[in-house]
Each structure stands twice: as C-alpha cells, then as structure tokens.
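> Working from the sequences, and respecting the hints, build out all of it.
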Amino acid sequence: MPDSEHEQLIPNLRALIAEDWRGLEIDSPTQWVVSEVKTPEPFFRSLISILPPGAILYMEGCNMRPWAVDLYERHAAPEIVPVARDTIAPMPRMFHIVYSATLIDELCEMVKGRDPWELFDHIKAYHSGRLLFTFHDAFAGELRLSGDIPAPVVEAFCRELDATWVEEPTKKRDLASLKRILQAFENGGRLPVKKTPFWKRVWNRMFGSR
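So in this note's numbering, the last one in the sequence shown is 440, and the numbering has no gaps at all.
Take the hints with a grain of salt, since some may be wrong.
Stated by the list, open to error - FRET-style restraints, in silico, Cβ to Cβ: (1) Ala414 with Ile278: 41 to 47 angstroms; (2) Trp347 with Gln413: 29 to 35 angstroms; (3) Glu336 with Gly359: 22 to 28 angstroms.
As the list claims (entries may be wrong) - Lysine-lysine pairs mimicking BS3-like chemistry, simulated, CA-CA at most 27 angstroms apart: (4) Lys401 with Lys268; (5) Lys268 with Lys402; (6) Lys268 with Lys342.
Keep in mind the hints are simulated off the structure, nothing from the lab.
Positions of the beta carbon are idealized from the N, C-alpha and C atoms, including for glycine.
Structure representation (structure tokens):
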C-alpha cells in the first residue's frame, strides 16, 4: 500500500471506531440478498414496489460530480436519521434525499451514459427509523433488502429486474475486527499492493466480499 493510502487509512479507521459505526443498518434477523442488479434505471423505477411514501434515499460517494450534488441538495430531506457509512477511506460525501417520482425521473435521466460512481458508490434507503435496503458498490455488488419486506414483494421486485435472490441471516458489523485491523496498521502493518482499493480490502476482511 502506498504511504499516502496508509496515512489515510489509520485516521479513518480511528474515526469509524470512535463512531462505533452508529447509524441505521438492516436489523431484521434475516435479509434478502439480491444479485445481478446491474442497470440503474430499471432499479430506480422498481423502487416503487419496496419503498413506502416518505422514504429517504441515502447516497454515499467519494467522486460525486457537481451536477449530482446539485440534484441531491435540491431534494434534501428536511429531517434525517444517521446511517452507518460504508466507505472506510477517504471520507465520503453523504446525502439524504426524499424519495419521489420526480426524484426518480431526474436520477434516471442523469445516470444515462454515465458511470454510476459519478453519482454514488453506495445507496441505501430508510423509513420510520428502519433501513430498508443497502446496495454496497451499487450495480457491481449485491443488493441487500430488509427481511421485513414480505417475500411476495421481494419476488415481484426481483422478477421485474430479472435478478436472483436468496434469504440469508443478517450479518452484523464486527467492531472488534476493526480494532484489530487498526492495531495492526498502527504497528506497521501493510496490506499487499493490489488493484482492489485498500478500503475495500479492509471491508472484505471484515465482512466477506459484498
């Protein structure tokens, strides 16, 4: 790992530990793990089947373009609930935006012909203090839905997207593992140099590939 990356990692790990990863996460005993969701527009259009009125979308990213930030600021939620961030380093930008038909139209138009990372890295949604889904590495990783969403709703949602789904136990974040990783780095440890971003390698060490 280059020294610049190593220097970023330690303070960000310390910050995550200080936060104790406070914020909403999927808290149902099981969750629906959805694979093969690769295209943004059909996904955004299909959210109407799993998100109730008044839901809040959470967009997190490190390379958001100004036009994406402008969209999020125009649709900013007046009241927000903290959401556990997924990016370890660098510190991402985070926006809570009100889910609406107008927002979806604008998102679908904006993402056409662009790379998703220009708008977000990770997407989540919540309502009434409960996280409804988390999409780590959106459109490259797996989409995870709360187990509180009824099976027939999940089935219809996945069929519309031509996606596969399975029910799995919900995994909790392991703060003890994070502390061990920080201690290793503070004692001179290094992650081997690879093409995969270093923060993602730390994430995969803790939770497995997502």
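> For each hint, tell me whether it holds in the structure or not.
We went through each hint and held it up to the structure:
1. Ala414 with Ile278: 41 to 47 angstroms: holds, 45 angstroms
2. Trp347 with Gln413: 29 to 35 angstroms: Since the Cβ atoms of Trp347 and Gln413 sit about 31 angstroms apart, the hinted range of 29 to 35 angstroms holds.
3. Glu336 with Gly359: 22 to 28 angstroms: About 26 angstroms separates the Cβ atoms of Glu336 and Gly359, which means 22 to 28 angstroms holds.
4. Lys401 with Lys268: holds, 23 angstroms
5. Lys268 with Lys402: holds, 25 angstroms
6. Lys268 with Lys342: The hint holds at about 13 angstroms.
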